[in-house]
Amino acid sequence: MHSFGYRANALLTFSLTILALMAAMASFSDNFNSPSPTAHVQVLNVNRFQNRPNGDDEIGMTLSISADLQSLFTWNTKQVFVFLAAEYGTPKNAMNQVSLWDGIIQLKEDAKFSTKVKNKYRFIDQGSNLRGRDINLTLHWHIMPKTGKMFADKLVVTGFQLPHSYR
Amino acid sequence: MGFIGDSIGSLKSINVRQALEQAITLGMIVSSALILWKFLMCVTGSESPVVVVLSESMEPAFQRGDILFLRMGEDPIRAGEIVVFNIDRREIPIVHRVIKVHQRNDTSDIDILTKGDNNPTNDRGLYAPGQQWLQRQHIMGRAVGFLPYVGYITIVMTEKPIIKYVLISALGFLALTSKD
Numbered sequence: 001m002h003s004f005g006y007r008a009n010a011l012l013t014f015s016l017t018i019l020a021l022m023a024a025m026a027s028f029s030d031n032f033n034s035p036s037p038t039a040h041v042q043v044l045n046v047n048r049f050q051n052r053p054n055g056d057d058e059i060g061m062t063l064s065i066s067a068d069l070q071s072l073f074t075w076n077t078k079q080v081f082v083f084l085a086a087e088y089g090t091p092k093n094a095m096n097q098v099s100l101w102d103g104i105i106q107l108k109e110d111a112k113f114s115t116k117v118k119n120k121y122r123f124i125d126q127g128s129n130l131r132g133r134d135i136n137l138t139l140h141w142h143i144m145p146k147t148g149k150m151f152a153d154k155l156v157v158t159g160f161q162l163p164h165s166y167r
Numbered sequence: 001m002g003f004i005g006d007s008i009g010s011l012k013s014i015n016v017r018q019a020l021e022q023a024i025t026l027g028m029i030v031s032s033a034l035i036l037w038k039f040l041m042c043v044t045g046s047e048s049p050v051v052v053v054l055s056e057s058m059e060p061a062f063q064r065g066d067i068l069f070l071r072m073g074e075d076p077i078r079a080g081e082i083v084v085f086n087i088d089r090r091e092i093p094i095v096h097r098v099i100k101v102h103q104r105n106d107t108s109d110i111d112i113l114t115k116g117d118n119n120p121t122n123d124r125g126l127y128a129p130g131q132q133w134l135q136r137q138h139i140m141g142r143a144v145g146f147l148p149y150v151g152y153i154t155i156v157m158t159e160k161p162i163i164k165y166v167l168i169s170a171l172g173f174l175a176l177t178s179k180d
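Quick mapping for you: the protein sequence lines, in order, are chains Y and L. 1 is the number of the first residue of the first sequence in UniProt numbering; add one for each residue after it. 1 is the number of the first residue of the second sequence in UniProt numbering; add one for each residue after it.
Some clues are possibly wrong.
[Said to hold, decoys possible] Here are some chain L residues pointing at chain Y (derived, C-beta under 8 Å):
1) A61
2) G80
3) I99
4) V101
5) Q103
6) R104
7) N105
8) D117
9) A143
10) V144
11) F146
12) L147
Quick caveat, the hints were computed from the structure, so don't treat them as lab data. Since the structure is predicted, the reported quantities are computational estimates derived from the model, not experimental observations. Ideal Cβ positions, reconstructed from N, Cα and C, are used throughout, including at glycine.
Isolated chain Y, as found in the complex (with noise of 0.2 Å):
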């Protein structure tokens, strides 16, 4: 009955039950984090807009991005992907979002962060919708924790018109 194979078997059940156990609760424990993050962007400029050869609009900008995500951070994070979008909806299209840039932030020190880039993707309309367009600025992120659940959320922080001309 209490021979090595039995011990070794419910010791080994024992502590894989207790490891389950303590990345169940270090996992639920996120939900009582309470974050308030603040972000800012700016369009600094539209560089170059434009109609490609096959018909699809092209818009490139300079962006000031400033944002505190420290409070996203628990002891269960391990990275938070922040990423800034564009959003907004065509006549064709109810829903198109375009990520401009984005950002791996791994140490809480690092969350508070202020910027300025040009779009890291390309911003290319399906077709020739983006004249005097209004979007959305829209900065999301994405936590990933060391174990468990995964929370994403976001904040909508400035509108924008695009040009109604090419340049």
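Based on the hints, put chain L in the right spot on chain Y.
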């Protein structure tokens, strides 16, 4: 002798009735695992509720051997979500993040572009030749939960099949010789 001697002894003393009992127990274990898997498929709405990360393309978020829990859900897919998708004629599904979404007005058709956090460019190079976008039918699920390291054993077993056979035969031997 000790443990091994006992095991061989019990192997010798095995009879038909006991062997049948063992077979049924084994069958029960296999079928309960199957039931659990199918149940998870129903609950999550994803054809593969749990996947193991096989590549480094999502580091540092996901490393090789981490386990992801997937859910399909009815909500439309949005930028930033981590989706698992299948490309036609590509066997292994890919876990990457959505960076672009275009959703139609009249139908619920959706065009999605993905990128691995650790990759320098978007995934158009990974898609089928000429494919610009992913559609809803390519998506197997979106990642909602995460467990580190647990899936590493499956990677080891796929890369070194000998370990798999040793493990299976050891388990089988134990199942046959145990007296409980």
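message = Name the hints, by number, that the structure is in violation of.
response = none
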